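Spelled out, the chains give:
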Amino acid sequence: DAGVIQSPRHEVTEMGQEVTLRCKPISGHNSLFWYRQTMMRGLELLIYFNNNVPIDDSGMPEDRFSAKMPNASFSTLKIQPSEPRDSAVYFCASRNSGGPYNEQFFGPGTRLTVL
Amino acid sequence: SQKIEQNSEALNIQEGKTATLTCNYTNYSPAYLQWYRQDPGRGPVFLLLIRENEKEKRKERLKVTFDTTLKQSLFHITASQPADSATYLCALGAGNQFYFGTGTSLTVIP
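So the sequences go chain by chain: X and E.
Just so we're aligned, residue 1 is where the first sequence starts under our numbering, counting upward by one.
Just so we're aligned, residue 1 is where the second sequence starts under our numbering, counting upward by one.
I should point out that these hints are in silico values taken from the structure, not numbers from a laboratory.
Bear in mind the structure is a predicted one, so any value in this text is a computation, not a measurement.
Hints are all accurate, no fakes.
Derived lysine-lysine pairs resembling DSBU-like cross-links, with alpha carbons at most 35 Å apart: (1) X:Lys78 - E:Lys3; (2) E:Lys3 - X:Lys68; (3) E:Lys3 - X:Lys24; (4) X:Lys24 - E:Lys59; (5) E:Lys17 - E:Lys59; (6) E:Lys63 - X:Lys24; (7) E:Lys57 - X:Lys24; (8) X:Lys24 - X:Lys78; (9) E:Lys59 - E:Lys3.
Could you put together the complete structure from these sequences and hints?
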């Protein structure tokens, strides 16, 4: 298995532009998570899907952020309009919620820089 | 609000010694606690899970303890090696809620 796949790996954009981050979870996993990681705030959970349905989006910072999961093999996180304070590494993780350890498998992350 | 604190941001130890990392939490009663390892430029990787009714778990050179009275977990790496150098994150989970600590950077000096 290729693991969780994220694209792009790096994104540099200007303030005000729309940014779309993509994630392909591990096949067979039924839960998907989006996280943001910064030095100041560590790893923050943004939103969590179970069986393609958003369960908890309380971590989404504001309306500029939106996430979708149209099917079991694809999810997007969109920021519109982007701001410099959105600069961070964004991780996608997936999990088989029926597994014994509840561990999450993380992708390599997307490093976003908003100028 | 939920607060998870991991001991010092950075920990340096000599090769061969035991590294002990601390995870303290408040305002929460997790059903389980996990430890992850994160290397620079990569996502976290799961290491161990310990449930609320378990006191201790071991895996090779790793040992985790969980004290729900003290609201604390300790993570030990015995016979540490330079390859153990990384950031270690604790994470609390229950149902739909999942919180990560800010991590402790461990450096094992040869």
